[in-house]
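Peer 1: So the chains spell out like this:
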Amino acid sequence: MSLPNVTKHRQLGLMDDQVLKMYSVMVLARKFDERATLIQRSGKTAFHISSIGQETAQVAAAFALEPHHDYFLPYYRDYAFVLSVGMTVRELMLALFLKAEDVNGGRQMPGHFGYRKHHIVTASSPVATQVLHAVGIALTAVMKKEDRVAFVTFGEGASNQGDVHEAFNFAGVFKLPVIFLCENNQYAISIPAHRQVAGRIVDRAAGYGFPGVRVDGNDALEVYRVVREARDRALRGAGPTLIEAMLYRIPPHSTSDDDMLYRTKEEVEYYKEQDGIQHFRRYLSECGVLNDEQDRYISENAVREINEASRYADQAPYPAPEDAMRHVYAEDGGGV
Amino acid sequence: MSLPNVTKHRQLGLMDDQVLKMYSVMVLARKFDERATLIQRSGKTAFHISSIGQETAQVAAAFALEPHHDYFLPYYRDYAFVLSVGMTVRELMLALFLKAEDVNGGRQMPGHFGYRKHHIVTASSPVATQVLHAVGIALTAVMKKEDRVAFVTFGEGASNQGDVHEAFNFAGVFKLPVIFLCENNQYAISIPAHRQVAGRIVDRAAGYGFPGVRVDGNDALEVYRVVREARDRALRGAGPTLIEAMLYRIPPHSTSDDDMLYRTKEEVEYYKEQDGIQHFRRYLSECGVLNDEQDRYISENAVREINEASRYADQAPYPAPEDAMRHVYAEDGGGV
Amino acid sequence: MSMRKTEVESEMPIITYLEAIRSAMCEEMVRDDNVFVLGEDIGKGGVMNATKGMRDRFGERRVLDTPLTESAIVGVAIGAAMVDMRPIAEIQFADFIFPATNQIISEAAKIRYRSNNDWQCPIVIRVPYGATGGGGLYHSQCPESVFFGTPGLKIVAPSTAYDAKGLMKASVRDDDPVLYFEHKKCYLYISDEVPEEDYTVPIGIAAVRREGGDITVIAYGMAVHHALKASEELAKEGISTHVLDLRTLHPLDQPAILEAAAKTGKILIFHEDNKTGGIGAEISAILAERLLYELDAPIMRFCPPDIPAVGMAPTLEKFYLPTVDRLKKAMRQLAES
Amino acid sequence: MSMRKTEVESEMPIITYLEAIRSAMCEEMVRDDNVFVLGEDIGKGGVMNATKGMRDRFGERRVLDTPLTESAIVGVAIGAAMVDMRPIAEIQFADFIFPATNQIISEAAKIRYRSNNDWQCPIVIRVPYGATGGGGLYHSQCPESVFFGTPGLKIVAPSTAYDAKGLMKASVRDDDPVLYFEHKKCYLYISDEVPEEDYTVPIGIAAVRREGGDITVIAYGMAVHHALKASEELAKEGISTHVLDLRTLHPLDQPAILEAAAKTGKILIFHEDNKTGGIGAEISAILAERLLYELDAPIMRFCPPDIPAVGMAPTLEKFYLPTVDRLKKAMRQLAES
Ligand SMILES: Cc1ncc(C[n+]2csc(CCOP(=O)(O)OP(=O)(O)O)c2C)c(N)n1
Ligand SMILES: Cc1ncc(C[n+]2csc(CCOP(=O)(O)OP(=O)(O)O)c2C)c(N)n1
Ligand SMILES: [Mg+2]
Ligand SMILES: [Mg+2]
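Chains as they are written, first to last, in the working numbering: chain G, 1 to 336; chain X, 1 to 336; chain B, 1 to 337; chain A, 1 to 337.
Since the hints were derived computationally from the structure, they do not count as laboratory data.
Under the rule of at most 25 Å between Cα atoms (straight-line distance), these lysine-lysine pairs were calculated in the BS3-like manner:
{"id": "1", "chain 1": "X", "residue 1": "144", "chain 2": "A", "residue 2": "44"}
{"id": "2", "chain 1": "G", "residue 1": "272", "chain 2": "A", "residue 2": "44"}
{"id": "3", "chain 1": "A", "residue 1": "229", "chain 2": "A", "residue 2": "328"}
{"id": "4", "chain 1": "B", "residue 1": "318", "chain 2": "B", "residue 2": "275"}
{"id": "5", "chain 1": "B", "residue 1": "44", "chain 2": "X", "residue 2": "265"}
{"id": "6", "chain 1": "G", "residue 1": "21", "chain 2": "G", "residue 2": "272"}
{"id": "7", "chain 1": "A", "residue 1": "329", "chain 2": "A", "residue 2": "263"}
{"id": "8", "chain 1": "X", "residue 1": "21", "chain 2": "X", "residue 2": "8"}
{"id": "9", "chain 1": "A", "residue 1": "52", "chain 2": "G", "residue 2": "265"}
{"id": "10", "chain 1": "B", "residue 1": "275", "chain 2": "A", "residue 2": "275"}
{"id": "11", "chain 1": "X", "residue 1": "175", "chain 2": "A", "residue 2": "44"}
{"id": "12", "chain 1": "A", "residue 1": "229", "chain 2": "A", "residue 2": "275"}
{"id": "13", "chain 1": "X", "residue 1": "175", "chain 2": "X", "residue 2": "144"}
{"id": "14", "chain 1": "B", "residue 1": "263", "chain 2": "B", "residue 2": "329"}
{"id": "15", "chain 1": "G", "residue 1": "31", "chain 2": "G", "residue 2": "44"}
{"id": "16", "chain 1": "B", "residue 1": "318", "chain 2": "B", "residue 2": "328"}
{"id": "17", "chain 1": "B", "residue 1": "44", "chain 2": "G", "residue 2": "144"}
{"id": "18", "chain 1": "X", "residue 1": "272", "chain 2": "B", "residue 2": "44"}
{"id": "19", "chain 1": "B", "residue 1": "44", "chain 2": "G", "residue 2": "175"}
{"id": "20", "chain 1": "A", "residue 1": "229", "chain 2": "A", "residue 2": "329"}
{"id": "21", "chain 1": "G", "residue 1": "21", "chain 2": "G", "residue 2": "31"}
{"id": "22", "chain 1": "X", "residue 1": "21", "chain 2": "X", "residue 2": "117"}
{"id": "23", "chain 1": "B", "residue 1": "275", "chain 2": "B", "residue 2": "329"}
{"id": "24", "chain 1": "A", "residue 1": "318", "chain 2": "A", "residue 2": "275"}
{"id": "25", "chain 1": "B", "residue 1": "318", "chain 2": "X", "residue 2": "44"}
{"id": "26", "chain 1": "B", "residue 1": "229", "chain 2": "B", "residue 2": "328"}
{"id": "27", "chain 1": "X", "residue 1": "117", "chain 2": "X", "residue 2": "145"}
{"id": "28", "chain 1": "G", "residue 1": "44", "chain 2": "A", "residue 2": "318"}
{"id": "29", "chain 1": "X", "residue 1": "265", "chain 2": "B", "residue 2": "52"}
{"id": "30", "chain 1": "A", "residue 1": "328", "chain 2": "A", "residue 2": "275"}
{"id": "31", "chain 1": "A", "residue 1": "44", "chain 2": "G", "residue 2": "265"}
{"id": "32", "chain 1": "B", "residue 1": "229", "chain 2": "B", "residue 2": "318"}
Some but not every residue of chain X turned toward chain G, in silico, with C-beta under 10 Å:
{"id": "33", "residue": "163"}
{"id": "34", "residue": "198"}
{"id": "35", "residue": "199"}
Predicted, not measured: the structure shown is a model, and the values here were computed from it.
All residues carry an ideal CB built from backbone N, CA and C; glycine is no exception.
Assemble the whole structure, with the sequences as input and the hints as a guide.
Peer 2: Next comes the structure, spelled out in structure tokens:
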């Protein structure tokens with residue numbers, strides 16, 4: 001394979017160290033996820049919901065945004081995303097182990113992200129509610145004349161909830177700076193996308209008068225490019241963009257799911273081959289940005305970080321029982 | 001203006017007496033509506049919500065369907081529609097006057113149609129809920145292998161409710177025999193369509209993989225044609241159709257609304273000129289289907305029917321107070 | 001009907017309940033740039049005139065006409081509130097709040113708790129409720145009990161112009177989500193003295209509206225006025241009624257409820273919402289748990305029957321809605337029991 | 001835990017609560033072609049296995065996997081029910097019922113009433129609720145009180161396999177909308193004898209689970225089993241407990257409640273839903289209104305605290321969820337009062 005004179009990432013304005021960083025986060029997320037699955041299997045934790053197969057798109061999207069400035073409303077698979085915008089593996093492990101030091105105080109299931117200092121908006125389990133919150137945050141940016149976007153993700157199953165339609169329409173009417181990213185991983189638990197989604201999600205944008213872009217979610221630089229463009233549009237005042245990233249959920253829905261009830265090993269194996277992280281690794285090697293030694297170093301670093309974090313989180317104390325009573329309302333009464 | 005050899009309605013398979021009947025119902029609906037407004041102004045009734053400006057499309061759509069066979073889920077402006085599928089002026093007057101003999105027993109606001117014997121499904125006030133019911137009825141037709149469609153209407157404001165999206169998707173996934181007709185009358189109370197609807201409603205259909213058709217709601221034969229086609233598609237098993245009929249609401253939102261707060265007299269006057277009933281009358285005269293004498297006869301008939309109906313309804317008794325307690329549940333307990 | 005007797009030297013203007021709500025919103029918008037209102041048709045003033053004139057004064061950004069989508073109205077408001085805005089969302093009629101239930105119960109109510117205090121959601125949702133006559137099944141409902149008891153939510157329901165204004169201000173300034181139930185019948189029917197200067201009415205505090213020794217009536221919203229009227233008339237028959245106006249429905253002012261009940265030992269709870277599962281049930285349960293030995297009669301509830309809502313026909317309406325006469329009968333029975 | 005003592009000659013099979021639900025659905029589908037089930041992931045058996053094997057047996061039309069849209073699941077079921085189908089709609093977790101609130105409260109509950117009996121809406125909505133441990137804030141909720149008190153709805157909440165089956169059949173055959181609250185903890189934890197032949201358990205009728213003379217515990221769902229366990233243990237301390245299982249939450253079986261309460265005069269209401277605004281409040285209010293003079297102690301409610309739901313960490317979970325030990329303490333206190 002011959003290389004172009006200027007590498008694709010440079011054409012997109014990405015420096016070598018940035019793509020290396022992207023790659024490192026993908027590796028870190030993957031390894032975190034594998035570890036979390038192992039920890040769950042060992043019985044140490046109750047539940048894990050995995051992002052394997054979706055990291056490439058998540059990291060690429062995140063790098064097209066402005067951490068600690070834009071607002072982020074990730075959904076429960078967005079481990080790689082939240083690692084890209086500031087969360088640490090230790091923070092993720094504390095959530096997994098449900099410890100007091102977890103920002104959510106061990107209250108929420110793992111995968112329910114939220115961290116004000118990282119501009120990650122608190123998430124619940126009912127799918128798609130956050131899409132409207134993103135619109136409200138985008139509205140605020142316009143009202144306050146702030147140069148930022150709200151970025152929200154959701155699955156293709158969740159995309160069918162009424163709230164998504166209301167959000168698209170609201171954002172379209174007011175041309176708000178919001179980016180809707182649907183991570184279409186082909187399944188909503190057991191339901192394949194063709195039984196879940198009529199038409200194509202990407203085509204829904206046209207009905208609200210804003211652009212819809214479908215992108216190969218395993219192609220990091222393409223995802224980066226379309227999110228970047230969407231952000232530019234948003235900041236220009238040209239309104240929202242819907243991006244549909246085509247992906248595949250490699251693991252079962254969660255540690256409680258048996259995916260062999262509704263799909264075949266062969267299908268899963270086929271998609272494993274398409275792994276976006278491996279694509280990206282090959283691209284980086286071909287560009288000369290990544291060599292085997294660096295790659296090994298990145299992996300080892302990730303493993304070390306994960307080891308330390310899981311040890312730390314395992315040993316950290318649980319929340320005090322009576323802390324359950326706190327924060328139903330503002331502690332000072334919230335009033336005047 | 002020269003006539004084609006075969007009149008347009010004949011090309012569409014409509015006999016002369018059918019188009020005359022269509023015209024008569026339009027006239028009847030218009031006159032009913034004008035009377036209802038007068039009655040309300042006189043203080044005899046509390047409330048009226050008008051269909052003036054939308055009758056043409058409503059009647060044309062109804063004539064493309066199969067009364068007492070298909071199921072109908074009209075919204076509150078569909079007076080002309082319900083008159084086309086079997087309701088009588090007397091029934092409408094009983095509802096307006098809130099009398100015991102009204103099928104709803106005087107419980108509901110006027111305009112909340114529902115009549116099982118006419119296959120008119122009971123309606124509530126929260127907009128757009130009925131769109132999902134239509135999908136459920138269409139699903140039933142498929143399950144029971146019955147050759148019928150569900151036909152549902154809603155305003156362009158209502159089209160933005162989450163339920164509409166969920167209905168479109170559900171119907172699209174299962175290719176159900178349902179026809180969605182949006183009566184886009186340019187306003188949702190005070191909000192003009194461009195501040196209410198992002199993009200074009202008709203374009204939303206494509207996002208669910210079924211056809212969307214925009215039609216001039218003042219053109220009776222065009223509306224008839226597209227609804228007929230939608231019905232044929234539905235019965236062929238080809239799935240739903242979304243039709244957006246472009247209309248204009250001539251009166252204020254309801255008798256409680258002052259429309260001069262948000263639009264001009266000139267705008268309203270302009271649209272009054274586009275009246276579909278007058279268009280249709282001219283067309284019928286030009287075809288030689290309608291002459292002045294017949295026209296007068298149709299009007300007089302309508303007025304007579306309305307006079308009798310309003311006299312009857314005015315004199316009819318109110319529901320007995322304690323009837324309020326009935327029918328919360330099936331009277332025999334509903335159980336086993 | 002006027003709540004407070006005008007004293008001779010009083011200079012306070014008397015305004016309607018509706019004006020009180022509007023002036024509170026306006027003053028809060030002047031005080032704090034982060035306050036804004038959103039809802040259907042509010043630009044033209046709203047279908048009830050609550051926001052009349054506000055668009056001209058504050059611009060269409062801060063008096064935001066939204067699409068016809070209640071879940072979006074609340075969901076967008078939540079998003080804005082999480083990044084420090086103070087939205088006041090209008091639901092056009094209480095009957096149409098249900099599409100927003102998920103955003104209210106799953107989101108607004110749980111944002112602080114689930115994030116362990118990392119995020120908060122200071123929204124106000126205005127909910128015009130109750131029957132005015134001529135509204136029928138879907139323009140008259142009292143859905144407060146659907147949301148009552150949801151930890152994380154606050155619910156207020158003023159009965160006077162004074163409280164309407166003070167509770168609106170308190171709600172806007174409160175750091176937690178508040179459902180603001182405004183009774184549509186009170187809008188123009190109720191007027192009373194409202195100070196010109198800034199004040200708030202604290203959330204969570206009930207008010208004694210009338211002192212009495214024979215029976216205690218506990219009510220909120222329009223029911224308070226019926227109760228006062230009935231009390232006045234019964235006073236002529238020698239029955240002395242103590243009237244407590246809850247003002248805040250959630251969390252309930254338990255000390256005030258206990259005190260008002262203890263005053264007479266004979267309690268009638270009165271609301272326009274259906275009896276079964278209404279807020280009256282909780283009040284009764286609190287009393288049965290904490291004040292049993294001071295009760296001199298069964299705790300009575302005077303509420304409309306358990307049917308979906310008021311019918312449109314005048315006969316049905318009259319049958320359903322509480323009247324002062326029927327209320328008096330219930331009060332008299334209790335007094336004589 | 002098994003509810004009914006196996007008698008020596010009994011030939012009745014013992015099955016789980018989950019199997020009971022499933023077999024009721026299957027038998028109703030065999031009996032009546034109009035019965036069908038719909039919901040998310042139910043084709044593969046549902047995330048809880050309630051519909052396991054049913055798609056193979058009845059085909060994917062009658063065991064219909066829907067898109068991930070609760071309002072559509074209920075709304076489509078309503079449409080079908082209005083044209084004579086008998087849909088059983090599954091909400092995957094009770095916590096996710098809220099997007100369907102408008103369809104349930106504005107539509108299903110009011111269709112018969114608003115149409116003056118011209119239309120009816122015989123749907124069943126299955127609502128798997130309650131904590132099993134490890135579910136956290138959004139997979140453990142008890143939202144029954146949100147719908148409780150809505151005229152036009154029926155709500156059932158079986159505690160045994162026998163009732164689960166009989167109430168499911170009664171719900172399917174009922175001509176009005178029924179919310180069928182199935183406690184997730186009961187699924188596999190509860191097994192008891194269920195006849196092979198067709199039977200129903202009537203909606204609206206509570207059941208005495210244990211006769212006793214000192215105190216009365218009123219409960220439903222999983223709480224009934226805790227109450228029975230506690231009663232058994234307290235019997236050894238000489239405290240005799242009468243246990244009433246509500247079985248139907250709406251409409252409540254008032255005669256049975258009054259009778260069970262009158263039996264001892266000392267009443268403890270116990271549910272897993274939050275205390276404030278829970279169904280216990282209505283029960284207490286009924287007693288305070290109709291049985292006051294036969295009460296020998298304040299009416300107590302034993303419920304989790306008023307916080308949004310159970311936290312995920314084991315410490316938080318343990319703090320929140322009712323335990324037999326804490327329940328016994330409350331019962332003992334009442335008995336000794
Ligand atoms: C409103 C609601 N209904 C049901 C669920 C249960 N549930 C959790 S994840 C899920 C599937 C989501 O699929 P998709 O949106 O495609 O995201 P994915 O898991 O594939 O990433 C379901 C049904 C839920 N969380 N929220
Ligand atoms: C869920 C809900 N929200 C608000 C209302 C109050 N409302 C009644 S009609 C209406 C406007 C509807 O506009 P559109 O759908 O365009 O129909 P049109 O009245 O123009 O025919 C509104 C806001 C309602 N009925 N239901
Ligand atoms: Mg998916
Ligand atoms: Mg309109």
